[in-house]
Amino acid sequence: MKKKSIGQFLSESREASLVIVLAVLLIVVGIINPSFLSFTNIRQIFLNNTLTFIMALGMLCVMLTAGIDISITSTLAFAGMSIGLLQKYNVLHNTFLLFVIGALIGVVCGFLNGIIIAKGHVAPIICTMGFMYIWRGMAYVISNNNWASGMDVAGFSDFGKDGAPGPYIILILAYIIFFIVMKWTRFGRRIYAVGSNTEAAQVSGINVDRTLTSVYTIMGFLAGLAGVLSVSIYASAQPNMQYGKEMDVIAACVIGGVSMSGGRGSVAGTFLGALIIGIISKALPMVNIPNFWQNLIKGVIILAVVVLNVVTQRTMDRQNLLRREM
Amino acid sequence: MKKKVLSVLLASAMVASVLAGCGSSAADTAAPAADAAAEEAAPAEEAAPAEEAAPAEEAATEAAVDTAAADSAAPAADASGSTYALVTKSAGNPFMERMASGFQEAVEAQGGTVVIQNPEAATPDAQISVIQSLISQGVSSIAVDGNDANALTAVLTEAKDAGIKILTLDSDVAPDTRTVYCNQAGVQQIGETLMEAVYDLTGGEGDWAILSATSQATNQNAWIDAMKKLMESDSKYAKLNLVEVAYGDDEPQKSTDQTQALLQNYPDLKVICAPTTVGIAAAAKVLQDQKSTVKLTGLGLPSEMAEYIGDDDAHSCPYMYLWNPIDLGRLAGYTSIALVDGTITGAAGDKFTAGDLGDYTIEEIDGSTQIILGPPFKFDPSNIDEWKSVY
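Going line by line, the protein sequences match chains P and G. Under this note's numbering, think of the first position of the first sequence as 630, with each following residue one higher. Under this note's numbering, think of the first position of the second sequence as 32, with each following residue one higher.
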């Protein structure tokens with residue numbers, strides 16, 4: 630009897646179960662190392678994971694259409710390296726313009742993904758895999774074995790300095806905008822429609838190709854933006870930056886309850902998923918877990934949360950069905 | 032029409048991806064060929080023709096470079112006709128790029144042909160496929176900056192059996208798989224230098240931590256071991272307390288997380304020593320942004336660290352060390368030539384002249400034959416401005 634009531638509470642929404650996971654994580658880590666719950670530390674979790682947070686929004690849109698984009702960190706590196714080099718060779722030092730250029734590079738990269746996937750009906754994982762190599766390769770080519778370092782990006786890096794408001798403002802704005810767009814605009818609902826049932830969406834007059842293209846373009850835009858932010862936050866641009874981090878972004882979405890088969894997922898869930906990823910990477914070194922164990926534990930936590938998610942989802946579906954039958 | 036445009040687009044995308052992924056795919060496809068070549072070349076007498084065939088192949092592709100070098104070649108153009116390879120840790124790293132330029136300059140000045148291979152990732156498997164393709168090209172010597180001490184053993188033995196001279200620089204591999212190791216500075220020397228810096232910056236007592244690269248990085252582990260041994264053996268360091276060795280995996284984000292964790296876990300921390308270029312830059316930024324009183328030293332690139340080096344409280348790193356990667360590359364270049372022309376065999380006590388770097392002797396340290404470039408170089412506020420534009 631008691632078990633059922635917990636199940637019922639959890640199944641009210643998937644986000645509720647994530648909040649519980651989050652609370653458990655915070656309490657456990659907080660007990661082992663109280664300084665984890667300090668304001669500075671919480672702030673740094675957001676700063677160090679700004680890139681994951683921001684790109685997870687784009688990945689949410691992509692995954693809602695039953696797609697995936699594994700080229701994002703390559704786009705990030707290409708955009709980041711470009712604006713790093715613009716500063717290194719003293720072409721441009723205007724922070725605003727650098728952001729615009731970086732984001733535009735991302736838009737172009739994303740648009741190419743979108744157009745090939747939508748018009749060419751290429752499987753998203755294949756298409757973005759190609760671009761994953763292309764943009765990473767481009768980052769190496771343009772870098773020509775150079776890094777843009779601390780002194781090259783001196784003024785610009787103040788934007789992402791620990792304690793500066795810039796990254797947080799971008800983060801909050803991005804989440805507010807996406808929350809509104811995904812919930813209350815025609816465009817947002819179209820993305821859900823395309824992902825839930827492509828044929829039905831097509832029949833009902835939604836331009837599926839255009840929706841798909843825009844979704845990947847948005848992803849590219851956010852990846853480009855993340856590239857600029859990365860250079861600013863770490864005061865350094867290297868062609869191998871954020872290598873392999875696309876998995877963190879996908880993990881954040883999956884933890885947040887976004888379905889790989891499309892049509893299911895929310896901005897709030899994505900936020901919680903990214904937060905859990907951020908807390909894991911920040912907490913593991915702080916609770917004195919030996920280095921060799923950190924990745925292993927990260928994997929176990931991700932799997933555990935996803936399994937919990939699936940169970941919750943199933944309970945939810947079953948209860949919805951029961952309610953309908955009654 | 033639409034379909035045509037699309038197919039052109041797709042085709043061009045595919046070509047572009049092939050080009051972009053060229054490094055790895057070329058190496059991959061070359062791997063089976065390399066195996067076959069190595070098998071054939073295994074008997075010593077067959078190794079010779081393979082060696083001769085290679086320069087001809089190389090000459091076609093690098094003819095321009097070759098003639099240019101030959102024009103300016105020193106009178107003793109004893110390196111001509113041979114191909115000298117360098118395998119770096121990974122592409123896109125300025126330190127490796129400077130090292131390669133030094134290697135190229137030294138070898139080409141003697142009239143030799145240079146092949147420089149940058150694996151796309153800093154992993155042993157990426158190096159293995161690159162080395163396999165070098166074996167099939169039949170180069171005369173391979174200088175490797177090892178990404179792993181033991182993982183390259185099989186492929187390097189294969190190369191040695193094919194008659195290729197193997198040497199290492201920067202990061203060593205298992206000593207019996209190569210003839211000699213061009214060491215940027217002795218492990219002991221670096222350990223002592225860094226320990227002395229920690230002693231100086233802490234004022235002789237208190238907590239300090241190490242932020243390293245990956246947990247299996249050969250160099251960093253050797254240096255850290257040397258520092259730990261010094262702390263045990265020398266009573267001078269008795270009051271120093273090494274609280275943790277953290278690993279940032281040479282990744283800015285992880286290094287940042289690890290540095291912040293060190294600051295939060297050890298409120299009495301006085302000094303962080305980061306013997307790795309990515310780690311020290313990430314740590315420097317964290318400390319400087321937080322206006323922390325914790326001081327930093329270690330091994331870093333001057334261009335990466337110029338922002339953070341200074342004596343006042345506004346800067347996080349009072350001074351740090353490194354060696355000259357260009358000179359290290361040149362030393363490896365001269366050593367390659369000396370090994371191939373037989374001036375040295377790789378035995379301890381062998382002497383040779385490395386151009387204007389001077390005379391070097393092969394030393395035996397802990398059962399491994401090494402050539403030591405010199406002591407680490409100190410970068411402080413007085414000289415950082417002149418070095419930051421060099422590398």
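To be clear, the hints were calculated from the coordinates, so they are not data collected in a lab. C-beta: ideal position from N, C-alpha, C; glycine also. One thing to keep in mind: the hints can contain errors.
A few chain G residues facing chain P, derived, Cβ under 7 Å [what the hints assert, rightly or not]: (1) P125; (2) E128; (3) S132; (4) A182; (5) T184; (6) A185; (7) T188; (8) D288; (9) Q295; (10) K316; (11) D320; (12) S323; (13) E338; (14) G341; (15) A345.
Verification of the supplied hints:
Interface hint status for G/P125: upheld, as the beta-carbon distance to the closest one in chain P is roughly 5 Å, under 7 Å. The closest approach between the C-beta of G/E128 and any C-beta of chain P is roughly 4 Å, which is under the 7 Å cut-off, so the hint is satisfied. Annotation: interface hint on G/S132 violated; nearest CB of chain P at approximately 9 Å, more than 7 Å. At its closest, the beta carbon of G/A182 sits 18 Å from a beta carbon of chain P; the interface hint therefore is violated under the 7 Å criterion.
Because the beta carbon of G/T184 sits about 23 Å from the nearest beta carbon in chain P, more than 7 Å, this interface hint is broken. Taken as an interface hint, G/A185 does not check out: its beta carbon lies about 25 Å from the nearest beta carbon of chain P, beyond 7 Å. Taken as an interface hint, G/T188 does not check out: its beta carbon lies about 29 Å from the nearest beta carbon of chain P, beyond 7 Å. Hint status for G/D288: holds, given a least beta-carbon distance of 6 Å to chain P, under 7 Å.
With its C-beta approaching chain P no nearer than about 5 Å, G/Q295 sits inside the 7 Å limit, and its interface hint holds. Among the interface hints, the one on G/K316 holds; its C-beta lies about 5 Å from the nearest C-beta in chain P, closer than the 7 Å criterion. Interface restraint check for G/D320: the shortest CB-CB distance to chain P comes to about 4 Å, inside 7 Å, so the restraint holds. For G/S323, the suggested interface contact is broken, since its CB lies about 10 Å from the closest CB of chain P, more than 7 Å.
Residue-level restraint check for G/E338 holds (minimum Cβ-Cβ distance to chain P is 3 Å; threshold 7 Å). Annotation: interface hint on G/G341 violated; nearest CB of chain P at approximately 12 Å, more than 7 Å. Hint status for G/A345: violated, given a least beta-carbon distance of 13 Å to chain P, over 7 Å.
Violated hints, listed in ascending order, are 3, 4, 5, 6, 7, 12, 14 and 15; each of the other numbered hints is respected by the structure.
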